Amino acid sequence: MGRYQLRSINSLLAVLLILPLFPRRSALFRPTAAAGEDGSGGTRWAVLIAGSSGYENYRHQADICHAYQIMKKGGLKDENIIVFMYDDIAYNEENPTPGVIINHPLGGDVYAGVPKDYTGENVNVNNVLAVILGNKNATSGGSGKVVASGPDDLIFIFYSDHGAPGVLYHLHRVV
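Residues -28 to -1, 1 to 147 in mature numbering (1 follows the signal peptide of the UniProt record, and there is no 0) are what the sequence shown spells out, letter by letter.
One thing to keep in mind: the hints can contain errors.
Here are the simulated lysine-lysine pairs, DSS-like style, with alpha carbons at most 30 Å apart [as the list claims (entries may be wrong)]:
no.: 1; residue 1: Lys45; residue 2: Lys88
no.: 2; residue 1: Lys117; residue 2: Lys49
no.: 3; residue 1: Lys45; residue 2: Lys108
no.: 4; residue 1: Lys108; residue 2: Lys88
no.: 5; residue 1: Lys44; residue 2: Lys108
no.: 6; residue 1: Lys88; residue 2: Lys44
These are computed hints drawn from the structure, not numbers from a lab. Please read these numbers as outputs of a predicted model, since none were measured by experiment.
Please model the complete structure; the sequences and the hints are all you need to start from.
Below, the structure written as structure tokens:
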């Protein structure tokens, strides 16, 4: 067996070993008594961050838009979903379908309806940290929406960008 085949097998074994540790359905999507709650009185939040810009990084913003659609179908309210995306691909001159973003070749539009809370230069490390920490006064630009969480809340954070072991990129800079 080649080195890459062994890595694949090891990765698969690791997933199979930890899979039983997770519940069948995430608490983020469990049926609830009231929209936005996890059944224990807490609110469900999602912070979706596309950390790159430019049409060459289309996939990152497409993934964030797709994640938003999944969150909505899972019952989260717009007031509990915070979206960071540079928002420079939907109407980019290279986009063959202006105003439409897809996340796989035969997929539908995932851009429609996505609230863009923080766009352009407002997609920055300071705003991301302020939003996650619930510090509305520390945000600049954007909607001002922050995670106003309590002790029983569930917070899902999805970050799509480049990286490497020990390195996180955000808008073409190492963080």
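If you draw a straight line from the CA of Lys45 to the CA of Lys88, is it 30 Å or shorter?
Holds. Lys45 to Lys88 sits at ~18 Å (cutoff 30 Å).
For the pair we were handed, Lys45 and Lys108, check the Cα-Cα distance against 30 Å.
Distance of about 27 Å is within 30 Å: holds.
Hinted pair Lys108 and Lys88, Cα distance within 30 Å
holds (17 Å)
Hint check: Lys117 vs Lys49, CA-CA at most 30 Å. Holds or violated?
With Cα atoms ~13 Å apart, Lys117 and Lys49 stay inside 30 Å; holds.
Given the hinted pair Lys44 and Lys108, is their alpha-carbon gap at most 30 Å?
holds (24 Å)
Measure nothing beyond the straight line between the CA atoms of Lys88 and Lys44; if it is 30 Å or shorter, mark the hint as holding.
holds (14 Å)
Hint compliance for this structure: no hint is broken.
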